[in-house]
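J.: Using the sequences and the hints, build the whole thing.
Residue numbers (the numbering used here), protein chains in the order written: chain A, 950 to 1220; chain B, 1170 to 1537.
Keep in mind the hints are simulated off the structure, nothing from the lab.
One or more hints might be untrue.
No more than 25 Å apart at the CA atoms, straight line, and that leaves these computed lysine to any residue pairs for SDA-like [to be verified]:
1. A:K1040 with A:L1118
2. B:K1238 with A:D1124
3. B:K1237 with A:D1124
4. A:K1038 with B:D1185
5. B:K1202 with B:F1234
6. B:K1276 with A:G1130
7. A:K1133 with B:K1238
8. B:K1276 with B:I1357
9. A:K1038 with A:G1130
10. B:K1202 with B:D1374
11. A:K1133 with B:I1274
12. A:K1060 with A:L1187
13. B:K1276 with A:F1142
14. B:K1278 with B:Y1298
15. A:K1133 with B:V1282
16. B:K1278 with A:T1136
17. B:K1229 with A:D1124
18. B:K1197 with B:I1357
19. B:K1202 with B:M1344
20. B:K1202 with B:E1331
21. B:K1246 with A:F1137
22. A:K1060 with A:N1173
23. B:K1285 with A:L1123
24. B:K1246 with A:P1120
25. A:K1038 with B:S1228
26. B:K1421 with B:D1443
27. A:K1133 with B:E1266
28. B:K1276 with A:T1121
29. B:K1202 with A:G1130
30. B:K1246 with A:T1121
31. B:K1285 with A:G1130
Everything numeric in this text was worked out from a predicted model, so none of it was measured.
Below, each chain spelled out in residue letters.
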Amino acid sequence: MWIQMENKLTKNLYLFPYLLWIALFVIAPILLVLYYSFFDIEGNLSLINYQKFFTPVYLKMTFSSFWYAFLITAISLLIAYPTAYLLTKTKHKQLWLLLIIVPSWINLLLKAYAFIGIFGTYGAANSFLNLMGIGSQQILFTDFSFIFVSVYIFIPFMILPIFNSLNELNPTLLDAANDLGASKWTTFRRVIFPLTIDGVKSGCQVVFIPALSLFMLTRLIAGNRVITLGTSIEQHFLVTQDWGMGSTIAVFLIIIMVVIMVVTNTRKRGV
Amino acid sequence: MNSTIIQFTQVTKQYDNDPPVLNDVSFKIERGKFYTLLGPSGCGKTTILRLIAGFTEASKGEVLFNGKKINHVPANKRQVNTVFQDYALFPHLNVYENVAFGLRIKKMKNAEVDRKVKEALSFVNLKGYETREIREMSGGQRQRVAIARAIVNEPEVILLDEPLSALDLKLRTEMQYELRELQRRLGITFIFVTHDQEEALAMSDEIFVINKGKIQQSGTPIDIYDEPINRFVADFIGESNIVTGRMIEDYKVEFVGKEFECVDQGLNPNEPVDIVIRPEDLEITALERGKLQVRVDSQLFRGVHYEICGYDKDGNEWLVHSTKKATVGDEIGLYFDSEAIHVMRHGETEEEFDRRLEAYSDVDTNGK
Ligand SMILES: Nc1ncnc2c1ncn2[C@@H]1O[C@H](COP(=O)(O)OP(=O)(O)OP(=O)(O)O)[C@@H](O)[C@H]1O
Ligand SMILES: [Mg+2]
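T.: Set out below in structure tokens:
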């Protein structure tokens, strides 16, 4: 009896730091954001921010955030899936995987500045184009460069979960499909893809959600040509000082993220 | 001629520079029979199945199917279906869709698929389990799903890789009957892999005993049990007493320092041989009436019989299966018929062995 109580006590004790963390760094900020979203720029309690969010300016921004995040996720997926597949076929797959993961440890800003150098008017990309006889192009501050760099940054996070799910796939299942008359493509469509869909889902989550709120890259690489919800939050907090409006956008961003997580998290089945 | 469905001619399979996994293997499989590949772990049984199914290619030699060379025919184009050792059922599909998998790939009409799947499931006694997920099935049920998934395609040959190894003894015996019955009803060729000799003896029309990438002996269960070709087969199939001996002349053999009459002939005089006597062929009798004298070392009650282990004065171990009880420590006599002595030549190939057996069955019939 006494020991049971003690056990329960120690268990709660272990849980305490975790709960404290959640309360301080997850719950509290969300509540604060929610609180600030109800104040207008003069500090009066009002719902004006929520009204403003449904004006064409912000709706267009939401749409363009979604559109770019979608493009980035889709392109990452298209490249990551075959890459992960080939990786599982190589001899030293863990080593190759590591080589792909390593760039994701480098600071995002550093990578962004590197790309400014490469894509700039006198950068490596343009010297190459000159060499090919195509001539210099405006690469930096275009949709292309924005998506290219974003995909480059996010792709390891897409490859990792897909690689893991492919790696866990029982290879006899592929023999079995083959045995039952399935060609390579049919095997992929009917066995490999359905069984790795969970990896694809978590890959998409890990890319889509941060891509929705990208803001540094929009300025550095896209030259503010691409305005996303992330950029707008940053502007409201740091430039216009309209914390209320910034918070309101953040609230919507949080809601969208939660919805995406719930939708993509339909539990897997299997043995 | 037409009865041969699969033929291996001098097939060798080698990975990289390792010693060959299969070494110059040749055999024929006849239509509509139940075959068993029997051998210890790592002897190459699964490799033979993989070569037939088309998951790997032979390094040397030819694999023929219905008389046509199929070495390079991909697995999905072969008239063969496999029941895998771990069943390899698709975890994302339910029982019905697992069984329907092969039919859907053939683009069969839904009504037809439905009919065949239901038929196959009732064949393996799984009616009513259609909508179950695979993870909700027991080991024995999964195995039957795997069998249904194979037979529904009506292949000419079904390959079964140790499908019963994961089951408990009772279910296993039950499934042995069911499988054998199923094979008879379907009338298609089964190639069954096991390393359990009792299972092989009980189920097969024909057994291939394999060791170290070579077929040691092939034949009906009775042939293999009664006339093992060498020490390995004698030891692997059933329990046996093996001693070395010497063939004095036809019908006369010497072992444990004594001379015995036997039924073997056609060997060279004074040729060294191995002698096999099955434990159930040894009979306990009075000391002076026995052909062998042994001291009882231990005795186990096995239900149907006593398993008695004794040593003769030369230190050879003799295993006896007897319904009579002995007393540990006693000296007893062992009696056996001259037919119970089985003589094995050293290094005899299967062809030589068969020729010799044939030769003296001719003599027997001529003599009568
Ligand atoms: N891909 C491979 N590369 C190298 N060696 C292999 C490969 N596959 C099998 N082998 C070797 O071939 C030999 C025979 O393997 P196989 O799977 O046919 O054995 P088995 O008779 O089925 O054994 P078990 O009863 O344990 O299933 C083994 O020694 C194994 O190590
Ligand atoms: Mg095997």
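J.: Compare the structure with each hint and give your call.
T.: Hint check results:
At roughly 17 Å between alpha-carbon atoms, A:K1040 and A:L1118 fall within 25 Å of each other, so this suggested pair holds. Distance restraint check for B:K1238 and A:D1124: the Cα-Cα separation of roughly 21 Å lies within the 25 Å cut-off, and the hinted pair is therefore satisfied. Taken as a hint, the B:K1237 and A:D1124 pair is honoured in the structure, with Cα atoms around 23 Å apart against an allowance of 25 Å. With a C-alpha separation of about 18 Å, the suggested pairing of A:K1038 with B:D1185 holds against the 25 Å cut-off.
A hinted pair counts as satisfied when its Cα atoms are at most 25 Å apart, and B:K1202 with B:F1234 qualifies at roughly 15 Å. The straight-line distance between the Cα atoms of B:K1276 and A:G1130 is roughly 11 Å, inside the 25 Å bound, and the hint therefore holds. About 23 Å separates the Cα atoms of A:K1133 and B:K1238, which keeps this hinted pair within 25 Å; it holds. Only pairs whose Cα atoms come within 25 Å are accepted, and B:K1276 paired with B:I1357 is accepted, the gap being roughly 24 Å.
The suggested pairing of A:K1038 with A:G1130 holds, with an alpha-carbon distance near 22 Å, which does not exceed 25 Å. At roughly 6 Å between alpha-carbon atoms, B:K1202 and B:D1374 fall within 25 Å of each other, so this suggested pair holds. Between A:K1133 and B:I1274 the alpha-carbon distance is near 12 Å, which keeps this suggested pair within the 25 Å criterion. Restraint check for A:K1060 and A:L1187: satisfied, since their Cα atoms lie roughly 24 Å apart, inside the 25 Å limit.
For the hint pairing B:K1276 with A:F1142, the CA-to-CA distance comes to about 20 Å; that is within 25 Å, so the pair holds. For the given pair, B:K1278 sits about 22 Å from B:Y1298 by alpha-carbon distance, which is consistent with the 25 Å threshold. For the given pair, A:K1133 sits about 22 Å from B:V1282 by alpha-carbon distance, which is consistent with the 25 Å threshold. Annotation: proposed proximity of B:K1278 to A:T1136 holds, straight-line Cα distance about 20 Å (limit 25 Å).
Under the criterion of a C-alpha separation no larger than 25 Å, the hint pairing B:K1229 with A:D1124 is consistent with the structure, at around 22 Å. Between B:K1197 and B:I1357 the CA atoms are separated by roughly 15 Å; this keeps the pair inside 25 Å, and the hint holds. The hinted pair formed by B:K1202 and B:M1344 meets the criterion: a straight-line CA distance of about 18 Å does not exceed 25 Å. With a CA separation close to 18 Å, the supplied pair B:K1202 and B:E1331 stays within the 25 Å bound.
Taking the CA atoms of B:K1246 and A:F1137, the gap is about 17 Å. The hint holds against a cut of 25 Å. Taking the CA atoms of A:K1060 and A:N1173, the gap is near 18 Å; set against the 25 Å cutoff, the hint holds. Our distance criterion of 25 Å between C-alpha atoms is met by B:K1285 and A:L1123, whose separation comes to about 23 Å. With a CA separation close to 19 Å, the supplied pair B:K1246 and A:P1120 stays within the 25 Å bound.
For the hint pairing A:K1038 with B:S1228, the CA-to-CA distance comes to about 22 Å; that is within 25 Å, so the pair holds. As the CA atoms of B:K1421 and B:D1443 are separated by approximately 14 Å, the hinted pair is consistent with the 25 Å bound. Between the alpha carbons of A:K1133 and B:E1266 the distance comes to roughly 19 Å, so the proposed pair stays at or under 25 Å and holds. Between the alpha carbons of B:K1276 and A:T1121 the distance comes to roughly 23 Å, so the proposed pair stays at or under 25 Å and holds.
This hinted pair checks out: B:K1202 and A:G1130 have alpha carbons roughly 24 Å apart, not beyond 25 Å. Distance hint between B:K1246 and A:T1121 is fulfilled; the C-alpha atoms sit about 18 Å from each other, no more than 25 Å. Proposed proximity of B:K1285 and A:G1130 is supported: the alpha carbons are some 17 Å apart, at most 25 Å.
Of the numbered hints stated above, none is contradicted by the structure.
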